[in-house]
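Participant: Relying on the hints, combine the two individually framed chains into one complex.
Okay, here's what each chain looks like letter by letter:
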Amino acid sequence: MRTQGNCGKNCLDCVLFRSYCPGCITRVCLVGKCKNGTSHIGITYPKEFCRLREYCKAVTRSLPSYPAEVTPNPKAQSDVSLPKFVPVVSLADERTWFWRDVQQPWIIVRMAELIKNKSLAWKIAAQGLHDFLGFEGKILLSTVMEDELLDKLTLEDYINVITAARPDATMTPDVYTYLDDPLCLSWQQTIKSGDLARAFLGLDVPVVGLIKGAIGKQVAWSTQNIVAIGYQAAALPCRELARLDLLDGMLMGVIGILRKRLRDPHVLMYGLSYPLGKYKRELSYSGFSWFINARRGFYQKQGNVCFLTDTSVRFEKCDCVACKGRVALDLRDDTKALALHNLLQTIGRFA
Amino acid sequence: MGSGRRESQFEDRFGLGGPVDSFNTPCSEAGKPNQLWIGDYCIERIENGLALKKGNETVGTYREAAVLSPDRALLKLDKGMLLEVTPKGTRDVLSPPKGGIIAFISSDGSITYNRKKSAYQVRFGSKSDELLDKYEEFMKEVYDVEPKRYPHKDREHFFESIKGSKEVVEDLNKYTPKATGDWNVPFDYLDKESARMFLKCFISGDGNIGYYPRYERPSYRLEVRFYSKNREGLKEIADLLDREFGMATRLYKETKEGVSTMEIALQEDRIRYVREIGSFKKEHQEAIDRALEAEGLDEED
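Chain order of the listed sequences is A and B.
Residue numbering for the first sequence follows the working numbering, beginning at 18 and increasing consecutively.
Residue numbering for the second sequence follows the working numbering, beginning at 707 and increasing consecutively.
Next up, chain B with everything else stripped away, as it sits in the complex (with noise of 0.2 Å):
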């Protein structure tokens, strides 16, 4: 390998290279060369990679980072895992993929996890070949599986991408209680970057963006909205989309059928909700595409 350009190299294997403003910080008052301190914790380049320690301990070694900065590090583990170390202390948090995975199934897939009967499964059905191949995309990514797609039985253009794997359903149930009950959110594994992943994958499934002409006016609206059946469900997606990005909700009454919806309830932050998360359906990306192309969206409300 080697050519072109090692900036260009470094993200494309490492997901590096991005640029920083390191002004008057001169390399010959920097610490000792490969070590890197982030409060008590020394990371230092070994041969196979990167070496975790603290005090004289090693806690780890591991073959790449994700993140390096003189207060945080991300460190890859396996199954999609990261190490996050700052000066506070480390904890596992999810890679965005994987925020994605638990994402998508939490909208609209299931997890069968039963030790008795040997059944291991996970699934996930859309009718967006958008959504499914994204899907399979964070699967290959994450597990090296490739689920496969059948179509479904009752539902017309309905695909489901399913993948019977024990080792999978075990991991996944660490991190969600899809196979017993209903989804939540996994507060205690999801740094921004996989928060916003989880988010994104979510109303990819289970929501709405949408922009619609104001009822006898000659506005728009831009409408931001979840729904599940999972009403605690939604309150932790509330309560996310509040501690990571700063984001009022408001959520309505339940239906007849038991569906809740919450929605964004500010125009300001539903447009940085388009800007900053996004979503992966074709429909929600060309009503995102239509809002920020109209004149004066931002002086709306």
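Just chain A, same shape as in the assembly (with noise of 0.2 Å):
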């Protein structure tokens, strides 16, 4: 084990060391690398500005705190069994509100909509999240945000956006572990997604934990520590980690501690429009690339991706509730069809 940061932090200082973390085991912490010279514009760069400033030995100490000892609570709600696939939709934009054509038992919202749209909030707060969306079945309030917005809410802003909503069920709070960032930073965000998590027990909704950390120790820490407070379900924000190939190990490492300690493990992997072809029991998927790549002029074709002029698409008619024998160039100007086409196609891979 190291006991000496990259950064000059001496890790025999952290209460976590040995018993929880390994240690500086990244290569690419940005505080190491501004040491060696190489500073990131907008993050350690201008040095006036360094947004890790915190974290770095040569200003100023901060180690995170000792995690609180978890009990099982059998007040514990998470009985939410969705299905292979769940379509994220927006709160504002009416061309993904695609239930008048295609039926699904369940939706994701996401509350970062409500937080920065006030308007917004107060036309849900009066109406209820179902009655808004004039949506019959179940609806999963999404916690993933930006991290400025994160770094601004309470536990009681949680509540409160929560219960004026009405959702069927939602997540425990995000929060952001870089992989890229000092561990003792990472370490402090995965403890308080863990606080946070056993604060949201006092819910009268079923309570899906999120899974967070950006080494493989943190994530299992996260996880353990969602299956000790009781929650049955979990979801694993992976849009990022497969794009660095990620994915896998972090997977590999959630499942077999689910599969250790319950009796019917359940994640959704949260940003991922694809099925990865393994752990078939164990998962299902959430994504809003069907109405991003419709928003971009996109066609999605059995997993392929392309736009709507390619020679491939362009002049094959789609029978499809949303398509109804129109040829793929005929979508140009109907943003709403597209999406539903690729809705489908995305359902369609799930199948």
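Note that these hints are calculated values from the structure, not bench results.
Worth double-checking, as some hints may not be accurate.
Stated by the list, open to error - Straight-line Cα separation of at most 16 Å, EDC-like style, residue types lysine to aspartate or glutamate; simulated pairs:
| no. | chain 1 | residue 1 | chain 2 | residue 2 |
| --- | --- | --- | --- | --- |
| 1 | A | K353 | B | E852 |
| 2 | B | K785 | B | D888 |
| 3 | B | K782 | B | D798 |
| 4 | B | K854 | A | D347 |
| 5 | B | K869 | B | D850 |
| 6 | B | K935 | B | D888 |
| 7 | A | K133 | B | E753 |
| 8 | B | K854 | A | D185 |
As the list claims (entries may be wrong) - Simulated restraints on C-beta separations:
| no. | chain 1 | residue 1 | chain 2 | residue 2 | range |
| --- | --- | --- | --- | --- | --- |
| 9 | B | S775 | A | A181 | 42 to 52 Å |
| 10 | A | K277 | B | E989 | 36 to 46 Å |
| 11 | A | K133 | B | N879 | 28 to 38 Å |
| 12 | B | D784 | A | T328 | 38 to 48 Å |
| 13 | B | D860 | A | D185 | 55 to 65 Å |
| 14 | B | T731 | A | D185 | 47 to 57 Å |
| 15 | A | V45 | B | S775 | 47 to 57 Å |
| 16 | B | G724 | A | I42 | 35 to 45 Å |
| 17 | B | T792 | A | Q319 | 16 to 26 Å |
| 18 | A | K135 | B | S871 | 50 to 60 Å |
| 19 | B | R821 | A | E165 | 37 to 47 Å |
| 20 | B | Q741 | A | G54 | 20 to 30 Å |
Note that the Cβ used here is the ideal one computed from N, Cα and C, for glycine as well.
Facilitator: Okay, structure coming up:
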């Protein structure tokens, strides 16, 4: 074990060292890189604006505190049985409201929209999510949001939003755990997510535990914490992990822990719109790429994404409920139909 | 959020995060935390973004920065504008997408601006899907509008991307005189990045990049040309190429139809042009690939 971090911090001063943390094992730490003469614009450069200043030994010392003991709570509600694919929809964009054409048992809406758009939040507080959307299925409220919003929100804010929106299930609060942050920061955030997850026990809606962590040890701790609290279902934000080819390793650890401790483990892969081909029983998926692709003018066909003008699809007829016999090029000005077509193609991949 | 790498998250969301050499600039000697001094100006991180101050006076508050460095900062304004802060002072500059929109309109587009008839329309036409896609992407990014595409009545395979919007037209009218006559280069609002995008979009619409065999010789010639009926405009483009990129040009005589041609004069500048600026047009990109792949190109001329 290394007792000296790349940043110059002495790991022996940290309470988590050995019992939880393996010490500085990452070679990409931005503070470590800065010490070696490479800074990153907007993060550690210009030095006056360094966002990681607090975690750099030259300026101050900031270490995570010991995580609180967790005792299982029989009150924990986590009775969420999700289908293989759960579409994410936008509360502010009606083009994503597909339920008049296609029936789905669950959808996911994002809390970030309610935080950013106050008038939308008031409307939803007055009507409730179901009446506002006119959706009769179940709604899972996602807490995954931008870092700057996460820093502002308190536990009361979360509870107020959830109580006002009245979803059928929610996730435990999100935190940020980056691979290239100093480990003491990602540990602080992981432990914070554990504390907030415990605080969500008071809610009267089912809760899905959000698994966070930058390294395997943190992910394992986060998973164990969720199970120890008593949550039966978990969600893993995996868009960035998949992009960095780290998903397989992380997922193997998560599933391993869940299989040992739960009879029927279930993980929602948040931000992944294609099946992985393994852990078929345990995994369900959710994503918004069906609409993002449509908004950018992309047409999905059997797992491929192409331009509407692509010669392989341009004049090809499709008989789905969105296209109704039209060729791909005819969907150029009809984003809603294109999005619905993409959604049907995505759902089809999970059938 | 907050999985993966902070560096890539910053690049995706703000276009920042790139590495810089900061060797021998220790933290302890840096100024107060969250304050960056550029000459007399101080940029301060506040709760909702950044505040620009001069002395005790707050010049403005901004949500994001596009560039932050000890000698220059670009703060994001609305409608695709940026505030450039340097030790010399501040000025508004066009963001690269907005520079691109103005270049597309200058080359193959038009602006209708008529207060009496309440007619406000921006259009850009092309036979190339990739140019229309790029123009629409920029319009979405800058103005959050989605122009509609219509086939041209008389020209085969020619589509026009049209948006009727008073707000967009009035804004564009501040930076280009296209609505009242010939276009020009908005020198006052261009920095190197937006100048690069302006040239890239203009040549995509009204220019040519070709790689042709020489007459009765076994070698090839790279050609980078701009065409326009607006001879003054071409002179301004030549001036821009010289000012920002140090490239020499030559302007040919007008044809009978009134079209002028301006060409980058030296082979080394043409190679630099295709490498540093390029074009969005598929045919041009193919020619660039051919030219750059060809052996011994750098030694020619």
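Participant: Compare the structure with each hint and give your call.
Facilitator: Hints, one by one, checked against the model:
1. K353/A <-> E852/B: 14 Å, holds
2. K785/B <-> D888/B: 23 Å, violated
3. K782/B <-> D798/B: Holds, because 10 Å separates the two Cα atoms, which is no more than 16 Å.
4. K854/B <-> D347/A: 13 Å, holds
5. K869/B <-> D850/B: 12 Å, holds
6. K935/B <-> D888/B: 9 Å, holds
7. K133/A <-> E753/B: Roughly 15 Å between the alpha carbons, so the hint for K133/A and E753/B holds.
8. K854/B <-> D185/A: Violated, at about 39 Å.
9. S775/B <-> A181/A: 42 to 52 Å: 43 Å, holds
10. K277/A <-> E989/B: 36 to 46 Å: 60 Å, violated
11. K133/A <-> N879/B: 28 to 38 Å: Hint holds: Cβ distance 32 Å, inside 28 to 38 Å.
12. D784/B <-> T328/A: 38 to 48 Å: Cβ of D784/B to Cβ of T328/A: about 39 Å, so the range 38 to 48 Å holds.
13. D860/B <-> D185/A: 55 to 65 Å: Taking Cβ atoms as reference, D860/B and D185/A lie about 57 Å apart, which means the hint holds.
14. T731/B <-> D185/A: 47 to 57 Å: Given range 47 to 57 Å: holds, Cβ gap about 53 Å.
15. V45/A <-> S775/B: 47 to 57 Å: Given range 47 to 57 Å: violated, Cβ gap about 23 Å.
16. G724/B <-> I42/A: 35 to 45 Å: With a Cβ separation near 25 Å, G724/B and I42/A fall outside 35 to 45 Å, so the hint is violated.
17. T792/B <-> Q319/A: 16 to 26 Å: 52 Å, violated
18. K135/A <-> S871/B: 50 to 60 Å: 26 Å, violated
19. R821/B <-> E165/A: 37 to 47 Å: Once the Cβ atoms are compared, 41 Å apart, the range 37 to 47 Å for E165/A and R821/B holds.
20. Q741/B <-> G54/A: 20 to 30 Å: 23 Å, holds
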